[in-house]
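Participant: Chain residues, written in single-letter form:
2 protein chains.
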Amino acid sequence: MSLEVSQKITIQKVKNSKINQVDFNNLPFGQVYTDHMLVCDFENGKWSSPKIVPYGAISLDPSAKIFHYGQSVFEGMKAYKDAQDDIWLFRPFDNQKRLNISSKRLAMPELPEAYFMEGLEALLLLEKDWIPTTKDSSLYIRPFIFASGNGFHASPSDKYKFIIACSPSGPYFGGKLKVLIEQHYSRSANGGVGFAKAGGNYAGQFYPTNLAIQKGYQQVIWTDDTTHEYIEEAGAMNIFIRINDTLITAPTSDRILDGITRKSIIEIAKDQGIAVEVRNISVHEIIEASDNGSLKEMFGAGTAAVISPISGFGYQEKDYVLPELDNTFAATLKKQITDIQYNRSADKFGWRYSVK
Amino acid sequence: MSLEVSQKITIQKVKNSKINQVDFNNLPFGQVYTDHMLVCDFENGKWSSPKIVPYGAISLDPSAKIFHYGQSVFEGMKAYKDAQDDIWLFRPFDNQKRLNISSKRLAMPELPEAYFMEGLEALLLLEKDWIPTTKDSSLYIRPFIFASGNGFHASPSDKYKFIIACSPSGPYFGGKLKVLIEQHYSRSANGGVGFAKAGGNYAGQFYPTNLAIQKGYQQVIWTDDTTHEYIEEAGAMNIFIRINDTLITAPTSDRILDGITRKSIIEIAKDQGIAVEVRNISVHEIIEASDNGSLKEMFGAGTAAVISPISGFGYQEKDYVLPELDNTFAATLKKQITDIQYNRSADKFGWRYSVK
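First to last, the protein sequences are chains E and W.
Numbering-wise, the first sequence is residues 0 to 355 according to numbering that gives the first Met the number 0.
Numbering-wise, the second sequence is residues 0 to 355 according to numbering that gives the first Met the number 0.
The shape of chain E in the complex, shown without the other chains:
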């Protein structure tokens, strides 16, 4: 860590850790929080020095703009611990850059790389014991920035709060997913904020997702809002489909999140000699492939979801079932990406980042 910034990270430790109250063999996703958090305030046009403080309540005026105008962006990351108890991150600079891309679109201040990385590393070193080593578990990391300034005028806040909180977590999804290809509701507009990890993108998905859940699906696959003909993403993950032996995913756009797992999967698959196409995928192409037997797999990819296989999908009141294959692309690619993440294999791409 560069002394310039790290010197300034003050650490206020908890008196008593609550780690002994946690059952690391039965971790939910994102519901248990570690002892500390990183906090950094933006005020008078600049970010203050990051501080590590006990994890605890935030106090805000009722007029704080986060309550009214949705200025919030976040990232999802994971810290992994290997057999030697060393801590690893996966492509963390990509999260840092994307947080700033999101912030810019929401008219929020960008955060210097050093504040993000050095703050995160200092926090992880302090919370090292919280990183689970049980199978499929990791320390989920949630960096987020929100508008903490006051006022009912619909204009950007003059104050923001950057926080990193950590949660030892089990898998996001349990088992295979049944998804609904949405034909009425939409996640994002052309020229909108769909590419940003902005809070408002998620709230808008909950109601249509609840409708899908009532019909027996777990997630919605969003389609473009103009024609509902091209698949986009699933809100908590990007979508891959396999037709025969070709892996296909939609290109990123101003409507689709540039997922770090997504782009890593593309690179790993190409490296494995798998044919990969990044192009628009029409729902009709998927239906046709399902009907003629060439649709072999669908899966979601994201930091929280990792790689989540899809067992079938609904479209216009009809259900389509994916075949049960051995040696799926999903399983192979999941093994390869998690082996890199947990330091169980060589890292030929240079994606792993050591925290020490």
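Among the hints, erroneous ones may be present.
Since copy identity is lost for identical chains, a pair holds within one copy or between any two.
Unchecked claim - Within a straight-line C-alpha distance of at most 25 Å, the following computed DMTMM-like cross-link-like pairs (lysine to aspartate or glutamate) qualify:
#1 17 with 60
#2 295 with 323
#3 175 with 257
#4 214 with 284
No lab work stands behind these hints, which were simulated from the structure alone.
Given the coordinates of chain E, assemble chain W onto it according to the supplied hints.
Facilitator: Then chain W, alone, in the frame of chain E:
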């Protein structure tokens, strides 16, 4: 008020009012808050009884879903005081209903009408002295609901907080507005949440609005995200245009807020014998009307904005100037709606609501 609910509204008064610190002759918009607020919590599937408490900080866990997933909706209302010191609201049940429409789309619990109305009335009676009587001022009322439950899982919160805060306020805009007809960015998607007063709809507008401000405009007029050919709304207000003597506004849709000022203006104008058309308006029609001299007026309409005349607009790097007329529709309609709101005229539509 029905005793059934009002019995349950507990009131905790401040010891010392801060009203004497306020300069009622120089009120900004939405920056000064009254002594008390109404608070009501949703937990275990139901709303608790509303409480009136001193206006003050709200304490939330860093994992509260409002920070991460944008579940927040709000309303904007005003309380007016007439020459007899009586308090008036304008079509308050429409705000109450729309808050629930917004909540439903954001997968948030709907609030019973009595909790909203009786809570609001009790609060206004307590804050009566805060309602300004200076010209163009009113007590701006901000009812809002946000996700207060915890968790990093991208799913609806299990807890919510409903708050009504009040702010004695001057005009939202000063003077006439120069607006930019947006051709790249968009406010909302077909099948999205544009019709809801959801926090995320506002954050997404700030960056494009900043770009417009840098070019010398104050507001953006949004167009449909598919073609950018049809005008929608301006984010903080609906848009009316006058071509010759016909007043035209876009129909509401799932992308456009069903503004209470908008629909009142339509009714008042019709009642005045003004020809009103509610239909799609293309940008080309506006340009053509500007070029041939038939474009007489443009104005915005909203609770905060009231009726805000537009002096000119930019489109594709070119500026168009609106004529300076005497006896504008904007001025006439503004007088008529505010005369009803402030109890300066008869209320033939039955819109005024007495708080006592």
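Participant: If a hint holds in the structure, say so; if it does not, say that too.
Facilitator: Hints, verified against the model:
Taking CA atoms no more than 25 Å apart as the test, residue 17 paired with residue 60 passes between copies only; the shortest distance there is 16 Å, against 29 Å inside one copy. Taking CA atoms no more than 25 Å apart as the test, residue 295 paired with residue 323 passes inside one copy only; the shortest distance there is 8 Å, against 66 Å between copies. Taking the closest pair of Cα atoms, residue 175 and residue 257 come within 25 Å of each other only inside a single copy of the chain (23 Å); across copies the shortest separation is 41 Å, beyond that limit. Taking the shortest Cα distances, residue 214 and residue 284 sit within 25 Å of each other inside one copy (24 Å), while across copies they are farther apart (44 Å).
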